[in-house]
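Trainee: Here is how the chains run, residue by residue.
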Amino acid sequence: AQTVTQSQPEMSVQEAETVTLSCTYDTSENNYYLFWYKQPPSRQMILVIRQEAYKQQNATENRFSVNFQKAAKSFSLKISDSQLGDTAMYFCAFMKHGGTYKYIFGTGTRLKVLA
Amino acid sequence: DAGVIQSPRHEVTEMGQEVTLRCKPISGHDYLFWYRQTMMRGLELLIYFNNNVPIDDSGMPEDRFSAKMPNASFSTLKIQPSEPRDSAVYFCASSPTGTRSEQYFGPGTRLTVT
Numbered sequence: 001a002q003t004v005t006q007s008q009p010e011m012s013v014q015e016a017e018t019v020t021l022s023c024t025y026d027t028s029e030n031n032y033y034l035f036w037y038k039q040p041p042s043r044q045m046i047l048v049i050r051q052e053a054y055k056q057q058n059a060t061e062n063r064f065s066v067n068f069q070k071a072a073k074s075f076s077l078k079i080s081d082s083q084l085g086d087t088a089m090y091f092c093a094f095m096k097h098g099g100t101y102k103y104i105f106g107t108g109t110r111l112k113v114l115a
Numbered sequence: 116d117a118g119v120i121q122s123p124r125h126e127v128t129e130m131g132q133e134v135t136l137r138c139k140p141i142s143g144h145d146y147l148f149w150y151r152q153t154m155m156r157g158l159e160l161l162i163y164f165n166n167n168v169p170i171d172d173s174g175m176p177e178d179r180f181s182a183k184m185p186n187a188s189f190s191t192l193k194i195q196p197s198e199p200r201d202s203a204v205y206f207c208a209s210s211p212t213g214t215r216s217e218q219y220f221g222p223g224t225r226l227t228v229t
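As given, the protein sequences belong to chains H and F, one line each in that order. If you use the working numbering, the first sequence closes out at 115, no skipped numbers anywhere. If you use the working numbering, the second sequence closes out at 229, no skipped numbers anywhere.
To be clear, the hints were calculated from the coordinates, so they are not data collected in a lab. For every residue, glycine included, the Cβ atom is placed at its ideal position computed from N, Cα and C. Some hints could be false.
Pairs of lysine-lysine residues, derived as DSBU-like cross-links and limited to a Cα-Cα distance of at most 30 Å, are as follows [claimed, not checked]:
(1) H:Lys96 x F:Lys193
(2) F:Lys193 x F:Lys183
(3) F:Lys183 x H:Lys70
(4) F:Lys193 x F:Lys139
(5) H:Lys55 x H:Lys73
(6) F:Lys193 x H:Lys55
(7) F:Lys193 x H:Lys78
(8) H:Lys96 x H:Lys73
Listed next, the stretches of chain F that the computed footprint assigns to chain H, with coverage defined by at least 3 CB atoms under 8 Å from CB atoms of chain H [to be verified]:
(9) 156-169
(10) 200-210
Derived contacts from chain H toward chain F, CB cut-off under 8 Å, selection only [stated by the list, open to error]:
(11) Tyr33
(12) Val48
(13) Arg50
(14) Met95
(15) Tyr101
(16) Tyr103
(17) Thr107
Start from the sequences, fold in the hints, and give me the full structure.
Mentor: Given below as structure tokens:
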């Protein structure tokens, strides 16, 4: 069975600084997808970024980028130029390719951006 | 495009009452998921549908919970009878088939059972 671990329950960062959130996962699958979702105080779950395991290139979306290390089963999220609006819970999620379309979520990291 | 729509946004009910949560997925999406989020257990998948057919309901906590999807644009999650431990935020999400496999979440329903 797959598991997703987010070892940092809470983090804080100064506005305009860079922060990295960690995520590790355990799977015997070779093809899968990884996601980062953001949940601000409004509680809406918002997709931040996705990565296909077969792609070696790390995904980027504006100020958000990932460091995907397949061999190490690591999938960290880097937020550059942090903004107050980045304050939220961040969830890492795993989905096996083909078949069930089920997500396995981590427990989340609460990020606070300080003015 | 409208996103996933859930109603009500907030529900407060007394123990023993029936509760019905509603979801309208994004048009054209053929997967629909129901999740429950609590502080203790995080995000749990309760059940999901493909083309209106329930595929996996192994996350449904007990027989008090039931879910239906009578057509491609509507799903319900029902709790009967409700209990205080059912208090949580319930999310509905939808996803299209294919390589773009991300799920799009609704705003959630915060359920409080007193």
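Trainee: Please list, smallest to largest, the hint numbers that this structure does not respect.
Mentor: 3, 6, 7, 12
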